[in-house]
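So the chains spell out like this:
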Amino acid sequence: MDITTIVFWFLSALALFSAIMVITRKNPIFSVLWLIIVFFAISGHYLLLNAQFLAVVNIIVYAGAIMVLFLFVLMMMNLENLPVVNKNIWMKFLGVISGGLLLCILVSTSKSAADMNLKTIIMKEGNIGLIENLGKVLFTKYALPFEISSILFLSAMVGAVVIGKKES
Amino acid sequence: MPVSYYIILASALFCIGVAGVLTRRNAIIVFMCIELMLNAVNLLLVAFSKMQNIATPPGSVSVGGSDAQIFVFFIMVVAAAEVSVGLAIIVMMYRNVHSIDINFLNRLKN
Amino acid sequence: MNALILSAVWGIILMFCSILVKNKKAIGYIAAFGLLTILIGNIAETYGTQITHYNIYPMLLLDRFGLFFNTIAILSVFIFVLLSLIEIRKTGKYEPEFYTLIFFVICGITILTSYQNLLMLFLGIEILSIPLYILTGSDKKNLKSNEASLKYFLMGAFSTGIMLLGIALIYGGTGTFNLQPGTHSVVGTYHGISFLEITGLIILMCAMAFKASVAPFHFWAPDVYDGAPTPVTSFMATIVKVTAFLAFFKLCEVRVTDTLTAVNWKMIFAVMIVATLFIGNITAIFQQSVKRMLAYSSIAQAGFMMYAIFSLNDVAKEGLLYYAMAYSLATIGLFATMSKIKDYSFEGYNGLAKKQPTLAATNAIFLLSLSGIPLTAGFFAKYYMLASVIKTGSYTWLVIVGVCFATISIYYYFRLIQAMYFKTGNPDTIDHEITPFFKNMLIVVAVFIVLLGAFPQLLLNWFYF
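Chains as they are written, first to last, in my numbering: chain A, 1 to 168; chain B, 169 to 278; chain C, 279 to 743.
Treat each hint with caution, since some may be false.
[Unchecked claim] Output of the computed footprint for chain C on chain A, the stretches with three or more beta carbons under 8 Å from beta carbons of chain C:
1. 59-69
2. 141-155
3. 159-167
Keep in mind that the hints were calculated from the coordinates and are not lab data.
We put the beta carbon where it would ideally sit given N, CA and C, even for glycine.
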């Protein structure tokens, strides 16, 4: 068992464990913190897969920006005196069951996909994940979607201002 | 590493996210579970990108598979935009009803 | 491309209008003028005049079908804006931003009518949805609007996650994001199709069905349509829904035909059609509020639009264009009238014919068109849909199902006509908002619907030449 395999299993176990912690914690603050650990584990996977650029962006954007935004919003709200709503245990049960069923379908798909069984991923090789090579593709073939995503950002900006502004 | 390991790992993360969306009633946690789902998809895409990538002799640029990494980049872009709008909506809701519970929303209907 | 660039530019112009234009009444007219330029730009492009020659090929492909649909969609938005000028001014104090978001939605529409890559499908759907989450919540003090916005947002984001999983699995199976699947490998596949691609396609179809509010993924629609401010509901239930259908159609046209050997898509779609028609029509009968009735009727109409996706032939293509026009115009007219009446229940319409004969008469035409009575556009829209199924030669029992449910739908549409014409009452209308301009616009739309119904080739001839 070489070091890459050990790191792979460690990161996978960490990601799965933290993901389960995210959905089981009562306090949303803990959920946010566990989710940040999931993001770090996923970034570790990106590094193993030689996607260095995405690994860095994942930490900067997700763990650094999005999760901090979540924390801000949580701290703005006074979650101590929220009205207690009765919990429906059946709904929880059904939710877990349907998630498990989806997992069964996906796993059986990957097992029956005989064309996938032959394919392997060669770790620690290849250089498409470098910023230079990705940039070349992004600004040639994917230039149009890149421009169009600016419209998406503009509408999100306008929306956040319209919705978030306090009405006098 | 066989690619099916990554498919199963990403599916498991995705399904944990789905289960979280279906079981939790706190709007912010539901939203975080959706982010978890998006991240599972990102991991799956990066694994597929590596699978498509044909290894070349050291020193030269390898070909294939960069599409998926660009796609991941766009998913992050969209997720960031979605988060800004979504949190604004949740804050607006909180200002009006002082709750972010989804069950509470359903009671308003009646 | 013209429409995409122009609508982005007009969106930005409208954004600056909120600080530069002091006369609030002018903003609506500026937006209407902007829509007119986009409409002209799009028609010019249909005949080969382009502003720029930007290389868009692997991402977008502007074909005649998409451009013609753009024309229909932009025309519908134009009529929508003219009919709800006053309404939009009343929803909150962010009128210029409201129009900005509508222009950005048009960007999304132009992308979705021409996408050639699943990345563009994803971006288009997001550009279409994110402004709508905001517009749904634009009535900030209203709890119902807030609730609808949060509900729509959470479910929309969830379906985006599902959609991305589908796209990722398709990529795993085929190795490309192009709409055209390319060559399939033979090793270890099922009838030449990779299992991952099959699962991915099914998941992607679920997400698209969600966006188009087709059963069993329709559950968000009634609550969101009911809670959103009336002009937003009108916009969402017509133009946006029809665009989602077009994107769905474009996806199926390539991918379903390609994977027919491995998956029995016809069966899946047939079940979805019957479920959508059943849920939409049967629940619409029991509604007491006209707004909610129209929400369910829009689900029922989505069932009819599913016929196009079921049959995927030339008649279906023509029928989808025709249906888009007929359905959007009639529903926009109904919602515009509804926003002038204070009470949204059926009783609120009692005696409208006495008090506002123009409104009642035009509304009667819209309702007749939606229920598919001959001599209105709705009849031929439904006719084309059913004819497309007959042309495929299989599952002809779907035609009988469609006719049965169309007959059922007459009940709840006529209930409103009955309330307007045969019941006495004094409807609580907002009289100072019913301007002669508003009435004339309604008459123009009604005349257009009757013309389309009397001469169905009018629209389609234009499509071919």
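Hints, verified against the model:
Coverage of a stretch by a chain is defined here by at least three residues with a beta carbon nearer than 8 Å to that chain's beta carbons; for the segment 59-69 of chain A and chain C the count is 0, and the condition is violated. Counting residues of the segment 141-155 of chain A whose C-beta lies closer than 8 Å to any C-beta of chain C gives 10; at least three are required, and the coverage claim holds. Given a C-beta distance limit of less than 8 Å, the hint that chain C covers the segment 159-167 of chain A holds, as 5 residues qualify and 3 suffice.
Hint compliance for this structure: hint 1 is the single one not met.
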